[in-house]
Amino acid sequence: MQKTVKLRIKRQDGPNQPSYWEDFAIAWQPHMNVVAALMEIQKHPVTSDGKKVAPVVWECVCLEEVCGSCTMIINGKVRQSCSAMIDRIAPNGQTITLAPMTKFPVIRDLMVDRSKMFETLKRVHAWIDLDGSHELGPGPRQSQEDQETAYSLSRCMTCGCCLEACPQVNSSSSFIGPASISLVRFYNLHPSGSMHSDERLDAIMGDGGIEDCGKAQNCVEACPKEIPLVDSISEIGRDTTGRMLFGWLLK
Amino acid sequence: MGSDTSRARAESSKVRRVLVVGGGLAGLMTVVRLCEAGVPVDLVSLVPVKRSHSVCAQGGINASVNTKGEGDSPQVHLEETAYGGDFLANQPPVKGMCDAAPGIIYMLDRMGVPFNRTPEGLLDFRRFGGSLFHRTAFAGATTGQQLLYALDEQVRRWETVDVENERGERVAGEKMVRKYESWDFLSLVIDDEGICRGIVAQDLKTMSIRAFRGEAVCLATGGPGIVFGRSTNSVINTGTAASAAYQQGACYANGEFVQVHPTAIPGADKLRLISESVRGEGGRVWVPRDPREQRPGRDVPESAREYFLEEKYPGYGNLVPRDIASRELFRKCFHDKRGVYNTKRGANENEVYLDVTHLPQELLRKKLAGVLEIYEKFAGEDPYTNPMRVFPAVHYSMGGLWVDYEKSANGSLVMGSPRNQATNIPGLYAAGEVEYQYHGANRLGANSLLSCLWGGMVAGPAIAAYRNNVRRSSWDIPASVFEKAERRASGEFDAILGMDGDENAYALHQELAETMLVDCTIERHNAALDRVLEKVEEVAERTARIGVTDSAKGKTNQGAQYVRHVKNMVVLARVIAQGARNRDESRGAHFKPDFPQRNDADWQRTTLAFHQPAGSGVRESVRYERSFDYSLLGTSMHVTDEVDVSLVKPRARKYETAGAASAAAKVTPASAAPTGKS
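Keeping their order, the protein sequence lines are chains A and B. If you're matching positions, the first sequence starts at 1 in our numbering and goes up one per residue. If you're matching positions, the second sequence starts at 1001 in our numbering and goes up one per residue.
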C-alpha cells in the first residue's frame, strides 16, 4: 500500500484573523522532510476530506538549516521544518502537527513576522565600527581558542527558536531575548569590537534588557545551532553588573 | 556634466537614492561601497537580507595571501582561474579580482568574520579545486553564512546613519539605507530615452505594487539554479529578476554555462551541497572495485576501493575542477554502472563515496563540522564513521546578465569607471551570480564569494560615478513614466489572479525542470537539446493555461507570485538550452560528447543573447548577436563577443599533471599532495 504522510496544520488567513486546523494526507517519498510535504500541498492543495483550499503559506529559503526562515512549531517543538525529516518525526505514520510560532505576529498560516529581531540588532550595536571597506591591511590576530568561541556564537540564524522557547518573551514583556545578548558577547569578544563594548552593554541594561532573563534555560535547549546561549547570558550578565557597579567611576 | 544636479539632492530637493535589488553578498557590498561614496540607497530584497542564498556557501573564499610559503600570488590565482574557466572569461576583470582578493579577506577579518586561525593567530587557508595552493580562507564550513552576517551588520549600521546634504547638514528623516525586505522585483522602469530610472516591486506581505525611483539600479539577485528544479540552490533562486530585465532588453551572456557540483546529497526537496572543502581537507572519492560489493562502505578494505579521480588525475586528484569531477562521477554511475550497490534494490545507485573517515576527528570538528552536520541531519548517517554517499547536482550559473568593464593600462580595471558592471541598459548595473563576468566556462571553488564581494566593490564606485554624471535625475522624470510601469505590473498581476486553467504552476515547473536536468546539464546531445527546446515551447504555451491555486487579494499570496516566477524561468530555460544547442564544442561545464574538443577558432567567444518578443505570427525567441552598441552617459560603446585573453594565453587543460594550471607562473608548491592523503 502507498505510504502516506499525515499533516495537521494550524492555519490563519491573515494578520489578526481567527485560526483553524486543517488535515492533509500526502504520498510519502524517500528523504522527505516537512518542507517537501508542504511543497506537495502546493501542487495539490486539497485537504484529506477532499476540500479544495488555498495552499499552505510558509517561509523557506535554503532548506539546509542555515538561513533560519522555515522555523515553525512541529509536534509542539519549535524547530526548522527543513531538517524535520518525516521518517524520524513520524516513523509509524503518525499525524504531524504544524503551527506558526507564537511569539511573533502571524502574517498568514505558518508565516510570521520576525522583523523585531532585526530591529533589536540595531539597538544592541551588533557590528564592528569599521573605518571603511578600503584596504587597511590585516585585521587583529586572534587565538584559535577565541576563534572557536566566536564561531560558535556567530552561527545564530535569527530564526527565533530561543525567543519562542523563552517564557520571559511574551505579550506583556519587552524582553529582547537570548539571541541578541549572545551577539553582544560575540562583538565584545572581537579585538576591535571590544573598543565599543560599553555601548553594547548599555544598550542591554535598560527596558527589556538582560535583567529580564528569568534563567529558565529553555533557550539553549531550543537552539538548533547549539549556541551556548546560557553561557553568553551569564558572561554578559557579569559584564553589565560590573558596568553598573563601577561604570560611574570611569565617567 | 553634473553641473545641473548637486550631489546630495536633485532640483526637486528629493534625496537622490540608488536602488540595489538583492541583499546577498554582492548587493550588500554594493550598498556599503555606495554609502561610503556618500550615496544613499534603497535596498529591495525578496527575503530578509540575512536569509539570502549566500548563507549556503560553505567552503571558503580565495585570496593569494601566501601564508604557507608556497609562492602563491594574485598572478597565479589569475592564471588558475582563467585556466579553470577554460579561457572564456575576459581576463582584465579577473585580474582586478585576484589582485584585490587579499585586501578583501583582510576587510572581512576586520569586520569580525570568525575565520579559522593558525597557531600564531593568523588566518588559516586550505586547498580547493583546480589549485595546488592553500588559498582558501574559511570560517568552519559555513563561510558564506559568516560573510553574509558580517556584511548584513555593516549595512544595518548604515541604516542608522543620517543622510547629509552637500553642506554637511542632516536631512530630516532620511537614513543612508532604507530596507524593503520581502519585496519581489517585477520590472525595470525605463524612460523614453531607454534609460533605467527605477523599478517596480511588490510587497509580499500585502501584495501591493509600487514603483521606486532610483538614480541607477543594481541587480544583485543571484543565479537561476531553480530552473533545474532540485539543485543545491535555495528555492528563491529562480532568476526571475534577471529574466525580467532580459525581457526588457538586457543582454544575457554565456547562459549555457551552468556548473554542476560533483558532491551533493539527494533529497525530496533539495540536493544539499557537500562542500569541496571536504576534499580540500583530504576527503577522498571512491567506488568499490566490485560493482556488486555487498559490504557497507566503511567495511570495504582499501584494496577493494577504486579512487578513480586520483587514479585518472594524479596531478590534482580529488581536487580537479568541478566540471571534470562531475563528469567523472556521472560516467562512473550512468555509463559504467559502478555506483554504490544497493543490496535491497539489487541495483547500483547513482552514488559514489566521499570519505573522510580516515581523517583525524579533531580536524573534522574544527574545519568541517558545519557541512558534516548537514550530512548527519539530512542523510541520517554519521559521516565521521561512514563514508558519505554523494552525486552531482546543479550548483551555479557562470552565465548571467552581460556587464561591461573599462580596462586599465596594466591590463586590470579602471576603478570608478561608470562602465564597470554596467549592463547594456543605461542606468542598470549588475553584480554577483546574476552577471557573467568572472568565471568563464567553469568557476573554481571558493571564487564565487570573492566575485560577489569584488563585484559589489566595483559596482559601488561605478554607480556613484554614473549617478554623479547622469544628465537628469530620476526625480526630473515625469511621474507618468512610473505610473505607467506600475499600471502595467498591476495589470499583469491581476491577470494572474484571474487565471483559472487546469495547469498547476508547481507541477508545470517540475516538468520543465526534469527535462532541463536530464538533457541540459553534464552531457549534452544536440538531438536531446532539440527535444528540450520543444519542451520549453510546450511549457511556455501551457503557462497560459495555469490555474492559480490561491486567489487571495491584499495579503501574502505565494501561489500567484510563483506563477510569475515560473513564466520567467521558462524564458531563461530557453536562453540556456538554445545557447547549449548552438555551441558545438566542449568547454568547461559545457560538454558535448559529439564535439569533445574545445574549438577556439569558432567558439572562443561570449554568447550574447537578446530577447526577441513574439510578433506577427512569430514565436518568442532568442536573438544572438556577435556585437552590439550601447550608450552610457551620452557616449556610444561598441561591444563584441571577442574574449580578452591578453594576460594568460589559452592552452589545453591537463589536470593529469601537477602544476599544469599554474605552469606559466612556474611555481608549484612543494607541499602539493596530489592524492589527497595530505
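Each hint should be verified, as a subset may be incorrect.
[Said to hold, decoys possible] Okay, derived cross-link-like pairs now, DSSO-like style, lysine-lysine, Cα gap no bigger than 27 angstroms in a straight line:
(1) B:K1553 x A:K10
(2) B:K1553 x A:K103
(3) B:K1014 x A:K10
(4) B:K1654 x A:K116
(5) B:K1377 x A:K10
(6) B:K1555 x A:K116
(7) A:K103 x B:K1337
None of these hints come from the bench; they were simulated from the model. As the structure is a prediction and not an experimental result, all values here were calculated from the model.
We went through each hint and held it up to the structure:
1. For a cut-off of 27 angstroms, the pair hint linking K1553 of chain B to K10 of chain A stands: about 21 angstroms separates their Cα positions.
2. Our distance criterion of 27 angstroms between C-alpha atoms is met by K1553 of chain B and K103 of chain A, whose separation comes to about 26 angstroms.
3. At most 27 angstroms may separate the alpha-carbon atoms for a hinted pair to count; K1014 of chain B and K10 of chain A exceed this at roughly 46 angstroms.
4. For the suggested pair K1654 of chain B and K116 of chain A, the alpha carbons sit about 54 angstroms apart, so the restraint of at most 27 angstroms is broken.
5. Distance hint between K1377 of chain B and K10 of chain A is fulfilled; the C-alpha atoms sit about 26 angstroms from each other, no more than 27 angstroms.
6. Among the hinted pairs, K1555 of chain B with K116 of chain A is consistent with the structure: their alpha-carbon atoms are about 20 angstroms apart, no more than 27 angstroms.
7. At roughly 52 angstroms between alpha-carbon atoms, K103 of chain A and K1337 of chain B are farther apart than 27 angstroms, so this suggested pair is violated.
The structure fails hints 3, 4, 7 (numbered hints given earlier, in ascending order).
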